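Enquirer: With the hints as constraints, model all of the structure from the sequences given.
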Amino acid sequence: MPPLSSSPRSGHLTRLAVTPEHWLENARQVPSPNHNARPEGEVSALVLHSISLPPGRFGGPAIEQLFTNQLDPGAHPYFADIHQLRVSAHVLIQRDGRLVQFVPFDRRAWHAGRSRWHDGQRERVELNDFTIGIELEGDEVHPYRDVQYRTLARTVAGLMTSYPALTRERITSHARIAPLRKTDPGPAFDWAYFDRLLDDIQD
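Numbers 533 to 735, taken from the working numbering, label the letters of the sequence shown in order.
Think of the hints as simulated: they come from the structure by calculation, not from any bench.
This one's a predicted model, so the numbers in the text were calculated from it and none came from an experiment.
No false leads were mixed into what you were given.
Label-pair restraints from in silico Cβ distances: (1) L617 - G588: 15 to 21 Å; (2) G591 - W723: 24 to 30 Å; (3) Y725 - E701: 17 to 23 Å; (4) Q653 - Q616: 36 to 42 Å; (5) T699 - R648: 18 to 24 Å; (6) T715 - P609: 20 to 26 Å; (7) F590 - L617: 18 to 24 Å; (8) D604 - H650: 38 to 44 Å.
Cβ atoms here follow ideal geometry from the backbone N, Cα and C, with glycine treated the same way.
Expert: What follows is the structure in structure tokens.
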């Protein structure tokens, strides 16, 4: 599957489609066991994360192994501390822009952890209940790649079409919902550029 840099028809970006089964059409599916049923209510927000395993290294199978409970604690010293975690995200955007989906969007992925967020009307907790979690392969030092931003914009545009309660104002970050614990996707993430790419989306 080629990287999802742009539409084949033009330089403009097109939104990605979500299937009736709540999978992205263009994503490679790697089902994770780390999910459960959402409570009643709409999918209405999105949380951006970043991840690299081991920290600062890109590529390799470790992220998929973590999200599928197959991480080898002996493969790297860092893995010994995290291999027993039971976590997941809905989607991973790799450094080359390829998409991997672990959990269908109608299910509750385990990505937010202890978190709080004021949605403009009230403070919310248990953010996994109503959010979609997207991981960017990266860290807080290295710039994210243009192809990752483009894939992210196309993905988010498709999600906003499929889940109308998810609006641009309801896109947040792990750092914003858990500021005492998390800092991702960090200062390397260019929010203004991401917003411009969303503006460029066309049907």
